[in-house]
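The whole structure should be built from the sequences, with the hints applied where relevant.
Residue numbers for the sequence shown follow my numbering, beginning at 152 and rising by one.
Calculated directly from the structure, the hints in this document are not laboratory data.
You may find that some hints are simply not true.
Only pairs whose alpha carbons sit at most 25 Å apart, straight line, appear in this in silico PhoX-like list of lysine-lysine [said to hold, decoys possible]:
1. Lys196 to Lys244
2. Lys196 to Lys229
3. Lys229 to Lys244
4. Lys229 to Lys191
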Amino acid sequence: MSVRTGLTTLIAVAAVFTLTSCGNDSTGSTEQAPVEISVKNLAYKPNSVTVHTGQTVTWIFEDQGMPHDVVFAELGIKSDLQGSGTYSQTFDKAGTFTYTCTPHPNMTGTIIVEE
152 MSVRTGLTTL IAVAAVFTLT SCGNDSTGST EQAPVEISVK NLAYKPNSVT VHTGQTVTWI
212 FEDQGMPHDV VFAELGIKSD LQGSGTYSQT FDKAGTFTYT CTPHPNMTGT IIVEE
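Printed below as a string of structure tokens:
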């Protein structure tokens, strides 16, 4: 093999490695997708979600003005009673947490928080 052929082969191999290493350029971001729960038709939908510690859940009140709230009795957390708008809660502790609606006690949901 001549020096010229060897050099050409080396350049071709280096180019292939360079191009294949450019794929899937991840920024290393750990940002989570938003978690949203609809409050509509006398129900929380979905009524159970799993999130990671530090993640925020947002409830969207869209039940034609009917007032609802989000109450985590065991955590001492309660949103305002509202017929529209949103409420957000960040979960910093792992566990399974049940919530209800004060005016509609049959409306229940669960947030599962994992490490």
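Practice prompt. Could you work out which earlier hints the structure fails to respect and list their numbers in ascending sequence?
Written response: none
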